[in-house]
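Quick note on numbering: numbering that gives the first Met the number 0 labels position 68 of the sequence shown as 67, and the sequence is numbered without any gaps.
For the record, the hints were derived by calculation from the structure and aren't laboratory data.
This one's a predicted model, so the numbers in the text were calculated from it and none came from an experiment.
If a hint is listed, it holds; no wrong ones were tucked in.
Below, computed lysine-lysine pairings styled on BS3-like, alpha-carbon distance capped at 27 Å: (1) Lys139 / Lys59; (2) Lys181 / Lys43; (3) Lys199 / Lys165; (4) Lys43 / Lys56; (5) Lys181 / Lys199; (6) Lys44 / Lys59; (7) Lys44 / Lys24; (8) Lys198 / Lys181; (9) Lys24 / Lys111.
Pair ranges (Cβ atoms, derived): (10) Lys198 / Leu151: 20 to 28 Å; (11) Ala62 / Gly133: 40 to 48 Å; (12) Arg124 / Arg97: 22 to 30 Å; (13) Ala128 / Glu20: 32 to 40 Å; (14) Gly167 / Pro142: 33 to 41 Å; (15) Phe185 / Leu53: 30 to 38 Å; (16) Pro21 / Ala77: 27 to 35 Å; (17) Ala66 / Arg124: 35 to 43 Å.
The beta carbon of each residue, even a glycine, is placed where N, CA and C say it ideally should be.
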Amino acid sequence: MAFVHALFGRSDYAIIGELVEPGLKVLDLGCGEAELLEWLVDNKKVQARGVELLPAKVQKAIARGVAVYQGDIEEAIADYPDGAFDMVILSQTLQETRNPLQVLNDMLRVGKRAIVAFPNFGHWRVRVAHLFSGRAPKTKLFPYDWHNSPNLHYLTVDDFEETAAKQGWIVERRICLAGTRKTSLFPNLTAEVAVYLIKK
0 MAFVHALFGR SDYAIIGELV EPGLKVLDLG CGEAELLEWL VDNKKVQARG
50 VELLPAKVQK AIARGVAVYQ GDIEEAIADY PDGAFDMVIL SQTLQETRNP
100 LQVLNDMLRV GKRAIVAFPN FGHWRVRVAH LFSGRAPKTK LFPYDWHNSP
150 NLHYLTVDDF EETAAKQGWI VERRICLAGT RKTSLFPNLT AEVAVYLIKK
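The whole structure should be built from the sequences, with the hints applied where relevant.
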């Protein structure tokens, strides 16, 4: 399988960087310190906006020269009008939202297309760890104990694809990652992270 380079230490960022076309109007939900948005502005000349909950990260994002405001992504996205963006990005945050289906539907309402990246809790290591430890699932990306985990929903590749089919979303691309390698064989079992490009 093909190896994927890392962008700011994250292979999903590298994939997202490839999927975003130049010159688009982009909204990044849960953008952190806006490293990805800054890279997209510099390399893809996008019109970038971001939303981040933590004030300290918002300050660092603004210091990068990116338009980011502090707020809850579930409330913020509901305030945007239909079709306000070409692309809406949600990377490694879906599992932390209170109402993930509403967030996804709002992403596809305000954006023509959406990129969603999430940790696959169906990965074989998670299954084995859960089987033998009998404890809440952990991954290398999210090594939290049950009581301090930001994860509210544990979804898998199969869960997401079933939801997409039920909602009638079109999956334009699916890139599954095992570390820095792309994987396509039994992705629900072998992928650690899944990246989807979807539209209505």
